[in-house]
Amino acid sequence: MNTSTSANAIDAVFAELMQRGETALIPFMTMGDPDLDTSVALIQAAEQAGAHMIELGVPYSDPLADGPVIQRASERALKNRISLLDCISVASKARERGVKLPFILFSYFNPVLQLGLDRFFALLKEHGFSGTIIPDLPMEEDAEVSALAEASGIHLIPLVAPTSESRVERIAARAKGFVYCVSSLGVTGVRSTFHDGIDAFLSTVRKASTVPICVGFGIASREHAERFAGQCDGVIVGSAIVRQVEEALPQLTSDLASEREQGVQAVRDFIAGLKPRTAN
Amino acid sequence: MSTVPDQHGRFGPFGGKYVPETLMNALLELEEAYQKYKDDPEFLAEVRYLLKQYSGRPTPLYYAERLSEHLGGAKIYLKREDLNHTGAHKINNTIGQAVLAKRMGKKKVIAETGAGQHGVATATVAALMGLECKVFMGEEDTKRQQLNVFRMKLLGSEVVPVMSGTRTLKDACNETLRYWVSHVDDTYYILGSVTGPHPYPMMVRDFQRIIGLESREQILEAEGRLPDVVVAAVGGGSNAIGMFHPFVEDTDVRLLGVEAAGRGVDTEEHAATMTKGRPGVFQGSMSYVLQDEGGQVLPAHSISAGLDYPGIGPEHAYLKDSGRADYVPITDKEALDALSTLSRMEGIIPALESAHAIAQVLKIAPTMGKDEIIVVSLSGRGDKDVESIMSYLAKEEEQPS
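Order-wise, the sequence lines are chains A and B.
Numbering follows the UniProt record's numbering, in which position 212 of the first sequence is assigned residue number 212; successive positions increment by one, without gaps.
Numbering follows the UniProt record's numbering, in which position 281 of the second sequence is assigned residue number 281; successive positions increment by one, without gaps.
SDA-like cross-link-like pairs, simulated, lysine to any residue; straight-line CA separation at most 25 Å:
#: 1; chain 1: B; residue 1: K363; chain 2: B; residue 2: P60
#: 2; chain 1: A; residue 1: K176; chain 2: A; residue 2: L17
#: 3; chain 1: A; residue 1: K275; chain 2: A; residue 2: Q19
#: 4; chain 1: A; residue 1: K79; chain 2: B; residue 2: E139
#: 5; chain 1: A; residue 1: K125; chain 2: A; residue 2: L17
#: 6; chain 1: A; residue 1: K79; chain 2: B; residue 2: E268
#: 7; chain 1: B; residue 1: K276; chain 2: B; residue 2: K333
#: 8; chain 1: B; residue 1: K320; chain 2: B; residue 2: T251
#: 9; chain 1: A; residue 1: K79; chain 2: B; residue 2: M163
#: 10; chain 1: B; residue 1: K320; chain 2: A; residue 2: G116
#: 11; chain 1: B; residue 1: K370; chain 2: B; residue 2: H70
#: 12; chain 1: B; residue 1: K108; chain 2: A; residue 2: S184
#: 13; chain 1: B; residue 1: K107; chain 2: A; residue 2: D196
#: 14; chain 1: B; residue 1: K276; chain 2: A; residue 2: L115
#: 15; chain 1: B; residue 1: K320; chain 2: A; residue 2: E141
#: 16; chain 1: B; residue 1: K106; chain 2: A; residue 2: E165
#: 17; chain 1: A; residue 1: K79; chain 2: B; residue 2: T267
#: 18; chain 1: B; residue 1: K143; chain 2: A; residue 2: R72
#: 19; chain 1: B; residue 1: K370; chain 2: B; residue 2: R216
#: 20; chain 1: B; residue 1: K107; chain 2: A; residue 2: F194
#: 21; chain 1: A; residue 1: K79; chain 2: B; residue 2: D266
#: 22; chain 1: B; residue 1: K106; chain 2: A; residue 2: F194
Here are some, though not all, of the chain A residues that point toward chain B, as calculated from beta-carbon distances under 10 Å:
#: 23; residue: P63
#: 24; residue: P68
#: 25; residue: E75
#: 26; residue: R81
#: 27; residue: L115
#: 28; residue: E141
#: 29; residue: S166
#: 30; residue: V187
#: 31; residue: F217
Residues of chain B placed beyond 10 Å of chain A at every Cβ, according to the derived structure:
#: 32; residue: P41
#: 33; residue: A45
#: 34; residue: R209
#: 35; residue: S322
#: 36; residue: I364
#: 37; residue: P366
#: 38; residue: T367
Note that these hints are calculated values from the structure, not bench results.
Note that beta-carbon positions come from the ideal geometry of N, C-alpha and C, so glycine has one too.
Start from the sequences and build out the full structure, keeping to the hints where you can.
Structure representation (structure tokens):
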């Protein structure tokens, strides 16, 4: 089977959006917060709300790149002993429910390393993932991972930051899937301002990149999404959605199916409200 | 052996730079600055001047005669790092990094701290050099080490209690790195151990090597030969690597690292990273890590806040795997007994961290000949620990085991 050259679902979605002149909406959610069944329901809700692909976040004990909202979600999920394997298997369960969105697994490196790199990529493929983001694996350390990713047809999506400067070109030139542009210095989470040089930074990335570019960190509203819509191909929304999940926890963990559905509905409505309106 | 790390910060398979892209340029900038200054005569002269006139180096290598006779075996020499200004070896490193920060034009410094010794040492040099300083400290540790919290504030630093995760050193490190990401433009991170991403393990080692360099010279002067065993306690491992490194090529000298076994390596409450951990990536580098099957980092436990850390510097991992150094566990109880023994035999109250190294000496000295020599790093003094020792002993009395 010639999988390494077969089309990746992320590429297909961007190609289609580009034709329609739309910006991709990419939600992030911490898996297992509050439990795996709810994660499957929330993934479904994200698709119904108009998301174009989704980041499945693996909870980690030491999430260096994350702010308090995602830290708390990780802690909640880890209390339920959610593992990397659990998070990977969520993808299959979501497919069984008919979800078509491309899946991107977001995990810090150590859980991946402990699972074994070969096994990790084999499982990603088996469970229908199209990409992965490993935030604490800069290009200097990613040789083995990126070779395995390429061989299994999974995009290893790199991050670039406003401080990356001369590194932008090197990172963007070899990027697969899309380039994840960090909007501002700091950790993930809602913020009131973006980095001063953000526009110049995005245009530098744009020039250097052969793949779509997406903006994340601190995108919390439709206004934010629209602010960047013209300069990039997609926006990633993490903490703002995870916070909605946190607020809906009383419903999401209720014994009553109707209440749980209300919780899912609240998150679905929030995600739908993030979609940038298309200019045409 | 002495050529590690390589240009990628690798000690064999260990080390490296596993951090988010947002920090990469700050680390590259630091690496470049350190390469530029590390052999610069003026830079070195300033560091040397402060070590001597400000911190009081060289520290003595003291022959613990009563203790040696009491144990009836090897001659025991104590490297008196506790006699440094601020009472521990930590200042060797903070002086070096603060001088570097100044050269780099940074006006603000940040640091993580466990026991508070590194925090105090950082607050001290920040005051000395007129730098604005914030110290991140796990909330749990701020309770265990109130005296050091007060000291840092007295020195003009801000102490930021860390409420995330385990609320100890591990999460103080995470929070310092997170803060650094947001303030890389004007802030220098004075990391306190030989852990974290390259170039820290190399740079902090270089600043701590003075411990071993002096010890080597002093023992040659006192005994006309090198010691048979060199012993040091290991948390992150900065005092141990500083002590070991100048002896690495002396293959007849046995290097012995002592890690905290807490309530025992067969319980869940210990910090015995080498004995019970396995290789993984944690806080920026590949090394041994206490972790569960899925790669989640486990909370550590030790009566000593300075050893209460689930990771260890990558160079120690390299020394262990290459067989050059051995690492052994010592329990809370053994450390307390050793603290009491040293206090009574020599009139020196060691820090709980250093008491772990002393405990190992109490075990091996009687098995060695009278013509053999042990050099042990007395990395810090025990004043800061008096309160935690009192509360530990009170608890033990309540529920005898």
